[in-house]
Structure formats: structure tokens, C-alpha cells
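**Student:** Spelled out, the chains give:
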Amino acid sequence: MIKKAIRHIVQAEPLLFEQSSPGKRGYQLPELDVPVVDAATVLGKGNVRDEIEDFPEVSEFEVLRHFTRLSTWNYAIDLGLYPLGSCTMKYNPRVNELVARTEGLAWAHPYQPERLAQGAMEVVAALEHALVQITGMDAVTLQPAAGAHGEFTGILMIRALLETRGSARKKILVPDSAHGTNPATAMMVGYTVENIKSNDRGMIDLGLLERVVNEDVAGLMITNPNTVGVFEENIKKICQILHDKGALVYMDGANMNALVGVARPGDFGIDVMHLNLHKTFSTPHGGGGPGSGAVAVAEVLTPFLPGPRLKRQADQWAWNYDLPQSIGRVRAFYGNFGVLVRALAYIMAHGGNGLRQATLDALLNANYLRTLLEPYYQIAYNAPSMHECVFSDDRQAKEGVRTGDIAKRLIDYGFHPYTVSFPLIVRGALMIEPTETESKRELDLFADAMISIAKEVEENPELVLKAPHSTRTSRVDEVTAARKPIVRWQPPARVSQAAD
Amino acid sequence: MSYPEAYRYTKEHEWVHVDGDHATIGITDHAQHELGDIVFVDLPKSGSKVTKGHTFGSVESVKAVSDIYAPVSGEVVEPNPLLSKHPEKLNEDPHGEAWLIKVKLASPSEANDLLSAADYQKYIGAE
Amino acid sequence: MLAATGLESKEDLVSYLPADVRLKTPLDIPHGKSEYEIIEHFKQLGAANGDGYASFLGAGVYNHFRPVLVDTVVSRGEFLTSYTPYQAEISQGTLTSIFEFQTMICQLTGMEVANASMYDGSSAVPEAAMMAVRITGRDKILIARTVHPEYREVLKTYTQHQGFPVEELAYAKSGQLDIDDLRTKLNDQVAAVIIQTPNFFGILEHVPEISSLVRSKGALLIVAFTEAVALGLIEPPRDADIVVGELQSFAISPSYGGPYAGIIATRNQYIRQIPGRLAGETTDSNGNRAFCLTLATREQHIRREKATSNICTNQALLALMATVFMSLYGKEGLRELAEQNLAKAHYLASKLPLKFDAPFFNEFVVRTNGSSPDQINSSLLNRKIIGGLPLGRFYPELADCMLFCATEMNKRSDMDVVAAAFARF
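Order-wise, the sequence lines are chains A, Z and L. Under the numbering used here, the final residue of the first sequence carries the number 500; numbering is consecutive throughout. Under the numbering used here, the final residue of the second sequence carries the number 127; numbering is consecutive throughout. Under the numbering used here, the final residue of the third sequence carries the number 425; numbering is consecutive throughout.
For the record, the hints were derived by calculation from the structure and aren't laboratory data. The structure displayed is predicted, hence computed values, not measured ones. The beta-carbon is built from N, C-alpha and C at its ideal position, and this holds for glycine as well. One thing to keep in mind: the hints can contain errors.
Heads up, simulated DSSO-like pairs for lysine-lysine below, C-alpha to C-alpha not over 27 Å straight-line [stated by the list, open to error]:
hint, chain 1, residue 1, chain 2, residue 2
1, L, Lys24, A, Lys236
2, A, Lys466, Z, Lys89
3, A, Lys45, L, Lys24
Here are some of the chain L residues that sit facing chain A, going by a computed Cβ distance under 7 Å [stated by the list, open to error]:
hint, residue
4, Glu336
5, Ile386
6, Met409
7, Arg412
8, Asp416
Looking at chain A on its own, in the form it has when it is part of the complex (with noise of 0.2 Å):
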């Protein structure tokens, strides 16, 4: 039985390009207090553009009534519990939107005087002392604006470092159970990338490692607890059969939400890592960022971190760019400063307690959720679960239904699904990552989901392939989509022209 939804009525919204009629607008700009200026006599005729070509014409309702419309034909963590593994999609709280929007630090402009900017830096100094003391590390920056960046930032100064080494070595180890930015990352920095394979408890095995690790490996990428959702239990160990040949570790931090207050990557032999702000630290995603992937190193490279970096002069927070070993800026200003906002803001609301009361509780929750489901569905492996757990669709894939469908029949029951097909190396992957902040009552409404699904796949497998029956849009023709890419509008005169 659903019971967390019921259908009700969605508007129907056209694209406000379609709703565009000439001479309409949803603004009104202040008088001007200085001369008109002539564009084409300033510029030189050729500067200057006709209109902008089938650009929008609305009103302010109209748009807000459009995009309100939209936003009702989006899942939320608002609306619900959103178990995508390796995602941590945690209660966003709200005053960490509005501490972000507080007029000195949301309108300081990056190149305002540094004395006019001690409250921002301030807010850079706290957090990256904090992250320190949470990831046990030597130093972190905040520039790089997602995960992905902080990798990138990390193997680059892995790079740097073995360069100063003699070599800079040619390449990198990355699990076959890693997230894809590992070895996307990896080809960025100019490594080739060695998958090496997980063992039949999907961890890294020990003897494989021993005997790949080499004078040519600059590092290996590590997820802890991997994307299984299980600590690396040899984490010393592999740390120590990399750094025995000058190769160092990279963590990827994005389950770092297992680990806050319970266990510090610096103290187990890590040499650089990210944290996903956006993730551990509950800002937003926003439909898909802005993220921050602060990344955290040990002393011994710290020279290479991007710059600038923070230094303390005369009483005063100053930016010294004097870093001659440093890998250079990885973009511009000083990083996602309004994610670092809000990322403070958390820390400060839950102190050191509640960080590991959360992490506890993250815990909770994934086992809770592991012992409801593992009557019916199969556990991938059978090692105990931090923050996520991850099942196989082995008993489901025999009545013809795979952890795809069982995911969109999820949307019946009013649920976002998990994490579908990854890692790659479960076949048929569901991957389940709950948080701290669902309640027992909506655990218990999504096992109740997922048992009924298993149910059904038994008695009437049809309702589960064809799934979702209740949403405003049915399942998505993607084929076509690739096939014949259709990423922009166009007016209709326009199009039927293309197609003759």
C-alpha cells in the first residue's frame, strides 16, 4: 500500500519562450541621473547588436507564476527522505540561508580592501580551523567549488610535490569501486590510471596492492568508507604500503558524513583529501550545485596549496600571496565563499558534540534501514554498514526486473530513489544513504515502499517495469533524447525550417 502520497492536481506550464508577447516586462529600472548616451556613437555601429533574438517577454507575475509551476514538478529533500547513496542529502537548515544572505558578507566584493574584509576572511579562517580539526589534517583550502575541483586540486599537488621528489611518476590507483571523478581527475593531471581490483568483501585487497604499488605510482585514490559503505579496515596498512614507495593517498571524502567525531583521516595516514561541503556539511544542492570541495592536506604539502592563503599580520587577516611552491589559483577569488557561509553555520549549530551525535545517528539509520531490507533484498556484501548500505537486485533481476525499475516504482510510493547501478562493482546496484536527519517514522514508510516493491515484483512484476504510474511526466524517452539532441528552443517557424 502507498502510503506516503496521493495524486493531486499539477499545473501545466508552457516555456517562457512560449509565453513570450512583444513589449511585455517584469522590470523597472531607476531614472537615470547622468546623459544618455548614443550606443552605436560610443561603441562604433558594428559593436552594438539588434535585438536579442527570440528572448523572453514577460511579466514579473508571469514569471513568478512559471517558476513557482516548475518548482512543483521537482522532488525535494524538503518533501521527503531522498536516500541516494554517496549523495548525503541531509536536512538543509534554513538559517544557514540566511546568515549567507547578511548584507556585508553577501555584497563584499573580493578585491575590497583587506581591512574592509576581516569579517569574510574571518569566515574562511574559522572554517578551514574547524576542517582541520575534523579531518585531523595540517592545513585546508576552500577554493575549489565541488568535489571534482578538490580532486583535481589534490592529485595536482601530489604531482607538485613528487616533481620537488625528482619525478612526478606517471600514474594513479583508483579502486574499480570508485566515484568516476577519480580517474577523470587523475587524466586531468596528465597520470594514466590503474584500476586495481576490489576483493570479495569489496575492499581494497591488500596483497593485489602490494604487488601493483611501484616506483611509477604517484598515488591511489581511496573512497573511506569506500562506496559500499564499508571502512577500509587495512586503511593504515594501505597507507603504509604507499608511502613505503614515495607514493602518496588521496581520499575521496564525499562519505565523510560516516566519520565526523568518530575517526580523523589524519590520524590514520591519509596525505590529502576533499570534503564535500554540500554533502558532510548540509548546504544545499540546489538541484545540482553550488558545491564546495574544500580540501585538506598533511604538512608535507602544504607549500603546494593554491593560493592565496591566509596569514595573520598586524592584528589583521591578510591574503600573502608569496607562495612560490603552490600549484597556482584553481579559479578565481577565494573559493565558493557563500557555501563556506553556510558550512560554518552548521559546524557552529552542532558544535563537536552534535557533529559526532550526527554521525552516530547517520550510522543508526543506515543499519536500521539494512536490517528492514535484508529479508528481501539481497546485501552486496556481507560486511558491517557505516553510513550507507548497498544491495544487489539478484533476487528481483530473476523475475525480470532490474534495480532501474524498482527505483521508478519508488516514485509511486512518494520516495526519491537511492543511487542506481553504482559502484560498479555490485551488479544491479541499490544503493541506500539515509542521513541523520530522517526520522524513524519515514524510515519505517520507505522500508514499508521497498517491501511492498519486492512483493510486487513477485505477484505482478508489469507494475514495477512500467513505473512510475503517478507522476505528471512517465518514463523518459532518453534514447531519443541522444539520439537526435535537442538542447536548445527554437520558434516553431524556426525548427520546421531546420527540418526541411
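Assemble the complex: chain A is given as a structure, and chains Z and L must be docked to it using the hints.
**Tutor:** Frame of chain A, contents of chains Z and L only:
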């Protein structure tokens, strides 16, 4: 779908049809079936070289990319122009109309050690 | 819940972690604070930041009005707290808005295809350069010194270890790219030439002339922009092969440098080389119009080490801000806004000694004859005005110059104060 006797096959699921010092190359019906709905085919330009056992292009479905390996070495005479507009043909007629490239062979005997139709079918049956 | 899970205490949840990795001491972070305390704390930090100054800073980050509706829309939880729209059936809101965003970026830039956003303008530059390297099979990059200096630094960081040589192109006395220098350095190893218009000095470049020169050598032209408002009025870089830029001007608050929204746009023929996410139109199983992420095989989660980029999370919510902004201003409004910027900047410029003589939009370089940028700025700060950006840090040869920007937010009375400060020295 039948596997033409005149073709030779690889364990990477390509076929090659040798005709004198020229050959036509494609992917097998088994391969297209495993890939699912094909949305894009990336092929080399005329005049480029392909080397036996090395990739020369790729075939994409919505959520996967598969490299295609050359069963023989040679110079590309023509990539199939049909596939840039109609990748779906590769699902419909992989052994015929939806061939991938025609090549001028570097060494026509290279195809001799590939699988026969019967052996290939035995191979995919066991896979 | 504990009992159901077969555990006695929450500590059991971590008891299997090896003893030598478990943290034994509490984190050194103060006790949790109330909402009230947090708000007060950040208010104080905001005040410590020099609130309430008028500003003439631009240089890649612009002071434009943010229409109220922008925050109304992006504060809706359905936009704010949703993930990347991988599940199309329950993400049509985000997907539709991305499709509209991509369309508006194409209309604005004169390109045929745009992605769902990049981190920011600066990181879009190396992404475009790598795209050009893939397309041309060449590896050398030429970049004008009139491109934002921090964007050039980012390009250097990205390219230094991939073995792509980068060479800079001088600017002429006019403040525009030195075409002769381009002609000298352009050869058949060059994958891309990167310029910015309006450039870092606020000056418009001759895109068509540069384009035909670049094309004649088989290289691609990448055109960057930092001031998106200019595109309401100036001829877009239709002759470019790739356009990258920064949308901060479109209702994204300066926020001490980020988060912003970068764009990358190009021609249809290069669609499969574009990095990042793309939304596409299709139908659902009932034949209704629907949108989904498409051409995902370019991306890291599928192609892994062979992906067009490692980019994953982008700047969706900021792109939505820009979309709402563009919708509100629309065809006429964006032009009118650009015209106001032009008028304000030209009013201020008419009272100051200019360094360059080529046409400019809302920024321009000023000489501080007989004084220094610091002297001018100190005297303005006393009047609660943040002056222009001293250029010496980025261009040693322009140590006596500063970059001023005037937008619709600058009042004539403040501009007169600036003019008076210059007149005094």
C-alpha cells in the same frame, strides 16, 4: 539473426568481411544486443589507419560507451555515412546495412586467424 | 531502532572500527550554538566587513541590482533542496529551467549549444582550452593579456602538467589585443586563441577580425566574458568557436568571490566535446514533452578516465538565479540595463584621465597623474567610497593606473566625488 559464413569474427564481437585487398568491418548482432539502444557511433575519418587489436572507434548507448577494436589492420577508405544520422540502424541490421568502416587491408592474411561463424556462435553461447 | 538493529548502544555502531583509527578525544569545536547566536555572530562579521560603502570595483565581479523575485524562486525548497536531476520523472522543474537557461545563453552569445553551467568563468577557460585541444589535435594555447589575470592564472594551473604550452599575447596602445603579436605567434601548432570582450580593461575587442585570422591557421577562437550585462547591448561573439563566461552579473551577489555560475557555449558540431551536463528535450511514454539529462556518455560517471572533464556538481542554483534574472529583464530590459551601465560609465569616464582610447562598456582604465591609486583610494574611503582596482598587482607597467567600473547602482553624486578626488591631485 544469422551470422554470415563469409565473415570472420573476434572475441571482442567485431566482424570482418574480406574481399580481395579490401574489407568491411562491423559489430555483431550479439554486441548490439548487449549494448541496447545505440545512440551514437564514433568512427575514424577516411585515410586514417587502424591497427589489428587496437580501438578505432566507439559505440554509445544512453549510459554506456564501448570501444570497438580493429579485427585487421589497414587504412580507412570510408566510414559508414548512414550511422551519423541513423545510429539506430546498428540495432536493426548490424551485419548488413549498418557496417562501420571499409578498409584497404595492410595484410589480407591477417583475418585468417579470426573465428568462423560457427566458432563465434559457440563462443558467445558459452560466454 | 537500536534494538531492531541488534545493538545495545550507539557506540556499538563504530566498535568494529580498528581501535587505532578511532578518535579518542572530542573534537576541539565549541558547544553547539542557538539560531539566535549564529545570526548575531554573522551579523557582526558582516559589520566587520565594511558595510555601507559605495563601490566602483568591477574587474570580473559587478555590482548589479538583484530583483526580489530571484530569491523568492531559489528559496523554494523544491529547487533549493533537490539533487542533480538524474531521475527525470520527478525533476522536470529543474530540467525545464536548465533547458530554458541553455536556450537563453545561446540567444545571448550567438552560439548554438550551451551546457547547464560551469563552476565559474575562470575555470571555464581551461575547460574550453582542453576542448579545443581535443577538437584540433594540437596543443598550444595563446591567451591575450587582456583576459582577466586570475582567469589566466587558472589556465596556467590546469595546463602546466598536461604539457600544453601557453603563451600570452600583448595588448596594443589602444587597450585592445595587439593583432601583430597574434599574427607573429599564431602557427599550425596552436589549438586555441583565447580573448575576452569586453576585456579586462572594459574595452571591446575586434572579434570578427581576430576570428578570421585564427581560423586561417586552423585554430579555434575562444571568447570569454566577465560582464554578462554587456551582452544586452554589444554584438555577441558570433564568430567564436567556443564562448565561456561568468554570469555573476545576473542576480548573483558578489559574495566575496563565489559561488557564481560559469557558462560554456559552442557550435553544434562540437556538442560531443562539451564538458558538463546538458538537458535535452524528448517525450515521455505518453507522448508528452519532457526533458532529461542527455549525451551523458561524455561525462565522468560513464566514461571515467576518458571523459571530457571530471566536472560533476556544477552551479545549478546560481544558473537558476540567472535564468530568473534574464526572464524578468527580458529582451528590452537587458538592453536598457546595458544602456544605463554605458551611460553611467561614460559619465564618470568623461571626468577622469583615461589610459586607453578604444571603445569601452562599463569599465575603463584611469591614469593617476601625479598621485597613486592608493592615495586616490584612501581619500575616497574617507568618503565611504571604495574606488577603482589598482592595476599594479596584475600589470606592473600599469602601476600608476586603476580600473573603474560604474553600473546602474552607482549614483551621480558619488561619481562627482570620485572626479573631485582626481582633480585634487
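**Student:** Now tell me, hint by hint, if it's right for this structure.
**Tutor:** Now the hints, each set against the structure:
1. Lys24(L) x Lys236(A): 17 Å, holds
2. Lys466(A) x Lys89(Z): 26 Å, holds
3. Lys45(A) x Lys24(L): Roughly 71 Å between the alpha carbons, so the hint for Lys45(A) and Lys24(L) is violated.
4. Glu336: 6 Å, holds
5. Ile386: Since chain A brings a Cβ to about 6 Å from Ile386(L), closer than 7 Å, the hint holds.
6. Met409: It is violated, given that the least Cβ distance between Met409(L) and chain A is near 9 Å, above 7 Å.
7. Arg412: 4 Å, holds
8. Asp416: 10 Å, violated
Violated hints for the displayed structure, listed by number in ascending order: 3, 6 and 8.
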